[in-house]
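> These are the residues of each chain, in order.
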Amino acid sequence: MISLRFEAGTLVATPPQQSADAPWSGFTWDQRTSQWRAPARCYRQLLTDARDLGQQWQDRARDYQTINLNLAEPIIPRTHQTEALRAWRDAGKAGCIALPTGAGKTITAVLAIVMTGRSTLVVVPTIDLMQQWEQVLSKYLRAESSPCKIGLLGGGTHDPQPITVATYDSALIHIERLGAKFGLLIFDECHHLPAPQYQTIALASIAPFRLGLSATMERADGRESVVYDLVGPLVYEAKIQEMVAKVLAPYDVFNIQVPMSAEERLAYEMARATYTSFLKRSGIRFNQGADWMQFVRMAARSADGRQAMRAYREQKRLAQAASGKLAATWEILMRHAGEQIIVFTDDNAMAYRIGREFFVPVLTHQTRPKERKAFLDGFRTGSISVLATSRVLNEGVDVPEASVGVVLSGTGTVREHVQRLGRILRARPGKRAVLYEVIAQGTSEYFVNQRRRQHDAYQGSAPVS
Amino acid sequence: MLTKDLLRYRNRKERVHPSLIDPKDVKLLTLAEELVESFKRHTGRRLSELDDEINCSEWGQNPHCAGLRKLLLDRCDEVEDDGQIATKRSNLLAQAEKLRREVVFASLGDFQAEFAKSQSCDLTSLQEQLYADLPEFRVLKEFKAISPSALLHRYNCAQIQGLMMMAEDVEIIIKNPSLEERRSFFRSLKFQRLMSEISSGEDTSELRCKLSGPLRIFQNSQSYGLRLAQFFPYVLHLKRWQLVASIKLNGKYFTLDVDQKIAVESHYKKMSVFVPPEITSFIATFNERGGKYQASEGIEHMPIGQQSYCFPDVTFAASDGTKIHLELFHRWHAGQLDGRLKALDQNPMRGLIVGVSEDVAKASGVSQHLADSSWFKECGFTFKTLPTPKSVSGALSRHDAHFDK
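Here the protein sequences come in this chain order: R and Y. Mapping to my numbering: the first sequence position 281 is 281, numbers consecutive. Mapping to my numbering: the second sequence position 135 is 600, numbers consecutive.
Since the hints were derived computationally from the structure, they do not count as laboratory data. Accuracy of the hints is not assured; some may be wrong.
What the hints assert, rightly or not - The following label-pair restraints were derived from C-beta to C-beta distances:
hint: 1; chain 1: Y; residue 1: Asn715; chain 2: R; residue 2: Asn68; range: 47 to 53 angstroms
hint: 2; chain 1: R; residue 1: Pro196; chain 2: Y; residue 2: Asn556; range: 51 to 57 angstroms
hint: 3; chain 1: R; residue 1: Gln197; chain 2: Y; residue 2: Thr787; range: 27 to 33 angstroms
hint: 4; chain 1: Y; residue 1: Leu714; chain 2: R; residue 2: Lys239; range: 54 to 60 angstroms
hint: 5; chain 1: R; residue 1: His158; chain 2: Y; residue 2: Ser614; range: 50 to 56 angstroms
hint: 6; chain 1: Y; residue 1: Asp546; chain 2: R; residue 2: Asn68; range: 28 to 34 angstroms
hint: 7; chain 1: R; residue 1: Ala349; chain 2: Y; residue 2: Ala728; range: 39 to 45 angstroms
hint: 8; chain 1: Y; residue 1: Cys586; chain 2: R; residue 2: Gln366; range: 20 to 26 angstroms
Beta carbons are placed, not taken as given, at the ideal position from N, Cα and C, and that holds for glycine.
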């Protein structure tokens, strides 16, 4: 009888005789060890094939448990959560669910864990999210009649348990050892998965049940197909506009253009001219995505090119940090005094500048965990009304009380802006959220802004002021 | 190691050439010395001050300076933050919040002026104190010094390691490897959790190893790049070697081809293999007895399946070309015995006998395992301090009888 075991992220079939045909589909003869080997992700297919063909085999691979999980306190799922779970279950508990921020992805996942009743690994992109998931899972999950201890991998903690939350980076390090220990794999913000390294997490795990969660599955490079291949198809999707008034707060988007100072303008125009003249001389038009890489390559080849790259960075920095943005931000803060406000910037330098000028807490990847928690708790309870951040709050982190967002700088990607918008849309009776986009007048930020506004999340929002 | 932006290389005709520096170049040695001295001087001071000094110096403009600085930073410990700045920040932020809630200010300037007044402090000082624990303000506690020459070698090694991070296929060819070299090589591979596909080239004195990880046969990605990079300094310990790797740079593949001529010194400690003089003495005594087999010091490594290799202490050769290897397990490598017996019970191997010292054999767990092992009954024996020619001859006879059945 063939037996199957898990070895460092792969499945190995023994006895290892080489024959013309692989024992099962997905297996390849590994010359290095003289064994039949397959990626661990093939486990589900093997189970199905063996059952369909009536094959006898010995399963020494599976190391995950069936757990009798139940809820410590009742959850009444909302309609879209019930629909999403049903669609996921009907797809064989392997697929992706796209829900806007604030629509209850984490609670949907809790229900999926209970429904599946297997050891579960939740993979998240940041330490903040890891801690947040741990809190939610500890609150809701009970194994038999005892509280469920939630394991953590990441942020200096290594404590794997039957239900574990790990950062993508830590999961990647440990998956070769732990890949057989989980029957359900949940990827939060699963649009991260197509990164070549992270794909290994999905490849090296035997988990037959998989759930991908994201606010926006679409990627600029179109590689969301990788997620569907590794996790399962998109089984349910709800967009922001559909959820507004049902579970998300209605909102307005205002666009504020601020002038640059004369000195800033002069420096900006000079840097911009250096940059654009290099593009013209090099015949780069930015009509396609590949043109940026062409610019990077050409910029590295000559002194002119390197100067153009420096100039590109300088003009971007000048636009993003225009002094007029400080005055505009102050006005917004005063207009919305008493409300919960998040100020978003593209980089840490600008976030800390806001912090120093306005004397407000700054949350970046450099903020220590203890202080992060204190800032987020303060923001939740209302003792802190303004938070400045670069990118760490772009996705996932639960900030329930924010109602005003101020975007001082960012990338042109739709994902970033939909995520930032999502930060302020958690519903509360009578709430109407506002997102301000503050851009330096007559700079490239205007075009970046126009590109973002093509997304359907912006349709129907307030006109440019 | 170096980050991608600090790597210096040229691409030409589908090959990537790391721009290595000459570790004997006087100018570069001076640069390395200046940097090391600068780090030493700044112990107990802010890292931002160190950066300022480097950036303002003439030698700081050298194109290799940033990479060397990064390698030295990796040798630093920073003063741990005692949390006082965070506590002070928390107070300041709470008071600023209170002031914003209580008073409506017409402008940011008005708010700042009022806040500074309430703190009896000037605005600039307040702003400086607020986030004074950011990395640029952190203090250098301890710096592990390095000689200028070693730093330049470390830099060259890091340049290649940086490329190896982006490697997909790696082949290492070791020429005329000694037993010691093979032993450390395979031990290091195992330590880095890498797998190898070993073949002998046309030249039988060559050992060709394709390195990868378990998933590599299914995935064209750079998942094992970090382990390959960490493994590279072990390669530098070999006397004659060649490394050929496929490196993915900006979506295109380039070949990296380097060998011992780059003359880069490894910063890893060399793991030497101790061959006790008692082995030599045993070989002499055994051969004096005469008989079917002649003993000699073990120089071959034997693959015993599942990426495990045995390095025999003694090899017995018969006149018909038959060879039997003897591997001895003493206290200091008893840990490998369990795995070895499991592998040999699953896959009994002709040509190997094993001797286990009695103090290991009596240890709890081991004695039962030896009793249960069908392979050990046929091809194993125990010994007190050193195996005697008599006990070894007995094991050789049992081995032959077992496999010639």
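> Would you list, in rising numerical order, the hints stated earlier that this structure does not obey?
Hints 2, 3, 4, 5, 6 contradicted; others consistent.
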